[in-house]
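2 protein chains.
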Amino acid sequence: MMFINSKDGNFEANFQELLGRGKMDIATVSNIVMNIINEIRTDKNKALKEHISKFDKWTPNSDEDLQISTESMAKAYENLDKKLKDALHLAYDRIKAYHQKQKPKSWFDDEANGTILGQKVTPVDSAGLYIPGGKAAYPSSLLMNVIPAQVAGVEEIIVCTPTPDNEPNELLLAACHLCGVTKVFKVGGASAIAAMAYGTENIPKVDVITGPGNIFVATAKKMVFGDVHIDMIAGPSEIGILADESANPNHMAIDLLSQAEHDEMASSILITPSQKLADEVKVEIENWLQKLPRQEIARKSIEERGAIIVTSDMDEAIELMNQIAPEHLEVATTSPFELLPFIKHAGAIFLGHNTPEAIGDYVAGPNHTLPTGGTAKFYSPLGVENFMKKSSIISFSSKAINEIGEECALIANTEGLTAHEQSVRVRLK
Amino acid sequence: MMFINSKDGNFEANFQELLGRGKMDIATVSNIVMNIINEIRTDKNKALKEHISKFDKWTPNSDEDLQISTESMAKAYENLDKKLKDALHLAYDRIKAYHQKQKPKSWFDDEANGTILGQKVTPVDSAGLYIPGGKAAYPSSLLMNVIPAQVAGVEEIIVCTPTPDNEPNELLLAACHLCGVTKVFKVGGASAIAAMAYGTENIPKVDVITGPGNIFVATAKKMVFGDVHIDMIAGPSEIGILADESANPNHMAIDLLSQAEHDEMASSILITPSQKLADEVKVEIENWLQKLPRQEIARKSIEERGAIIVTSDMDEAIELMNQIAPEHLEVATTSPFELLPFIKHAGAIFLGHNTPEAIGDYVAGPNHTLPTGGTAKFYSPLGVENFMKKSSIISFSSKAINEIGEECALIANTEGLTAHEQSVRVRLK
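Protein sequence lines, in the order shown, are assigned to chains A and B. Going by the numbering used here, the final residue of the first sequence carries number 613, and the count climbs one at a time with no gaps. Going by the numbering used here, the final residue of the second sequence carries number 613, and the count climbs one at a time with no gaps.
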C-alpha cells in the first residue's frame, strides 16, 4: 500500500501512478476481439456455438439451446430463500423509484410569433444487457441494468450471460424472473457483444448495449460503438474516501476493503488531513484482512493498488480527489454537504458516516454501474437516459419565418449553400 | 434517383439499400488513423508539424505558429459586413436561448427517515471542438459546438481546424471572436483529434471532443473514445420528408436539394402517400437543379442516393420513416403535430409547411449537429448534456441505514462479498 504525505519529495510521481490506475491496454486484445466480432457477423449462431464450446466448455445442439427457458427462471425464483426474495424486491422497488425520478421529459416552448421549439424524448426500441458469468455473476448487476431500461420504456430487452459448463447461475435466473426479463441467452464475452450489435438467427440486433465485463467485453463494446450505442467503457472498481478526524477508522478500513475484495486490480484510496486517522486506518485494514474470506484478492489489491494520502488540509484533499475522479467517493466528515460544492468529479458520492459505499451497490436506489479509472471526469452513472434519445422539435409559422428568414438566408448564402438559402426564400412573403 | 412504390415487387430490396445508406467503412482507414494517433501521442507537436506540412501544405516554425492569434480573430470580426454580423448575432442569441432551456439541473429527493438521494450535474473541465476546414468551414458549425459547451459552463474550450496553405477561413475566425473563443489551433484531421485527446506541448488534453469531420476524423474519434468522451460518430448529411397533398412540390424539391448540395454522399428521401405529389416533386427537382451553383454535387447525390417512395397511406409512410431514422425529418402535412406521437426516430423534426430544414441549420435555435445514417435510433442531437456529467448523491442517516441495512447485507453476503456486508453491518445498531 502507498502510504504517503502530499509534502513528500516524491509525492508527484506517486500520485501520477494513482492517476494512471485502471488503464486498460486494449491494443493487446484488439486483434482477437476483432476476429471474434467478424466471425459472429459472418457465421452468426454457428460461430457463437463454436465460441461457447471453446470458452464455456459445452456445446449447444440447436439455436434454441442458446436461450434460457422462462420456466427455469421462474423455478429459480421460487427456490429463493424468503428473506433474500424480500431483499431483492426491496432493492428492485427502491432502484425503480430512484430511476423514475431521473427520467427525462419531452418539453417545448413557444414564442408569440407562432414558433414552437422543444425536445421529444423517446426510448430506444431495444436494449442488450451484458451480465458477466461465473464468479462475477451478480444478480444486483442485472437489476441495475434492467430497471433503467424498463423505466425508459424500452420494448425489447434481452440479456446475454455466459454459462460455463452450461450451468446458469441460479441467483441470476431468479433475478431475471423477478425483473420480468424473458429473453436470456447463454452467450458471453466479445461474442455476446457482437451478437447483440449485429443480430443472429435468434438473438435480435439491439440499439444500445450496456453492462460490465472484462477487457474483451470492454474492447468489443468500443468496437461496436457507432453501430449501436453503449453506456461506457469500464475498468476495475475503485473507491476514494475523503475523511477527517470524525471518521471511524474501523469503518474506513472495511469500506476500503469492500472495493479491494472485488478484484486484484481494484483501487482503494483514502485521502485525509489527519495523520492520526491515516495511522489508525492502516492498522484496522490489517485487522480486517485476516477476517475476510476473500483475503487473498483483497490483500493483493490493497497492497499493490491501495493508497493512504495525508494532506495539509481538506482543501488539498479535495483537490487531489478531483484529479483522481473516483468511481465511488465517500465523504466521511463532520459536515459532508458543505464539501459537496467543491467536489467536481466522481461517479457516486456517499455522504456522511452512515453511508458506506456498499449501500449504493444494492438497495439505496442509484445505479451501481459507474465510470471508473478517472472517466468520471466525462461519463455519468448508467441511467434511464442511456436507454432514451432526443429529437429536436422545430415548428415555424408563416409570421415566424418571415421575421428571421432573411438572416437565415444570408448566412446560408455566405456559406455558399444556395439551395439552403432558396428553401427559406421560397417561404418568405 | 430511386422512384418507387411500397407495393412494388422489389420494394424490400430497394428499401434495404436506403437503410444501408451512409455506412462508413472505418476498417479501410483504421491502420492509417491508428498510426497518426500513435505519432501524435509519442512526438506531440513535432508530429503535428509534420502532418501539417504533408496535408495542409505549410510548415509551422514554432509551437506558437500552431495557434491563431486573438488579434486576427478580432480583425476578421471587424471586417464582417454589418448585415452578416447582425445575422450571426441573431443566430448566437437564439441558439444560446434554446440551449439554456435544455440545461440539466442537479436534483435531490429526501425521505422521512433521513435519506437524501439525487444527482449532481457538473460541467466537464475542458472541451475540444473540431471544425472542418477548407470548403466545409462553416461558421454555423462553430456556433453549434461552442454554445452548448459555454452554456454547460465548461471552463476551457479549445477549437482545432485545419488551415490549408496556412490560410484560415476569415468567416470562421470572425465567428470565433463573436463566440468569445480564444484558443484556436490550426490543426486538422485525425491529428487534431489525437492532439486534443492526449495533449501536446501547447494543446491541452480535453475531456470531451465534439464536431463533424470526414472518415479520418470519425475514425479517430471512435479510437480515442474511452480516453475522452465524444459526441457521436457522424456520416454524410440526410433529409427525410413525410408529405401529403397539402405540401408544395416546389418547396419539397428545394428542401430535398438543400441536403443534396452538401455532399455527393448525402441522402434525400421523400415518402408520401400521394402519387401526384411524388410526380410533381420529381419534375421540380430537375427545374431547381439547373439553377443551383452546386448543381454537380447535388445532382450526383440526388441521382445516386435520392429516393421518392409512394406508400398506401400516411401510417405506412411513418412506419418506413421510423426505420430510416433520418438526421433531419420534415413533416409537411396539414396537421403535422397529430403525427408527432407516431414518429419515433429522427435527429430533428421540422413540422409544417413553414419550417424548411435550413432554418434549423442556422437561426432557429436547436443544434444542427445531429445523428446520421440511422443512428437517430440511439443518438441524440449535440447539446448541453454532451458537456456535462452526473454524479449520484447518496446520504443515509443512522435511522435510514438501520431500516434497510439488513437486506443490503443479506444480498452482499449472497453474492459472496463479505467486506461489503461488514461495511454495512458495522453501522447497524
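Heads up, some of the hints might be wrong.
Any copy will do: because identical chains look the same in the list, a pair fits if it lies in one copy or spans two.
Computed cross-link-like contacts, DSSO-like style, restricted to lysine-lysine with a CA-CA straight-line distance of at most 30 Å [unchecked claim]:
{"#": "1", "residue 1": "460", "residue 2": "207"}
{"#": "2", "residue 1": "230", "residue 2": "484"}
{"#": "3", "residue 1": "475", "residue 2": "287"}
{"#": "4", "residue 1": "389", "residue 2": "238"}
{"#": "5", "residue 1": "613", "residue 2": "475"}
{"#": "6", "residue 1": "267", "residue 2": "285"}
Bear in mind the hints are in silico, worked out from the structure with no lab data behind them. Source: prediction; values computed, not measured.
Quick rundown of the hints versus the structure:
no.: 1; hint: 460 x 207; result: neither (32 Å within a copy, 60 Å between copies)
no.: 2; hint: 230 x 484; result: neither (40 Å within a copy, 41 Å between copies)
no.: 3; hint: 475 x 287; result: neither (42 Å within a copy, 48 Å between copies)
no.: 4; hint: 389 x 238; result: within (24 Å within a copy, 42 Å between copies)
no.: 5; hint: 613 x 475; result: between (82 Å within a copy, 21 Å between copies)
no.: 6; hint: 267 x 285; result: within (28 Å within a copy, 46 Å between copies)
The earlier numbered hints that this structure contradicts are 1, 2, 3.
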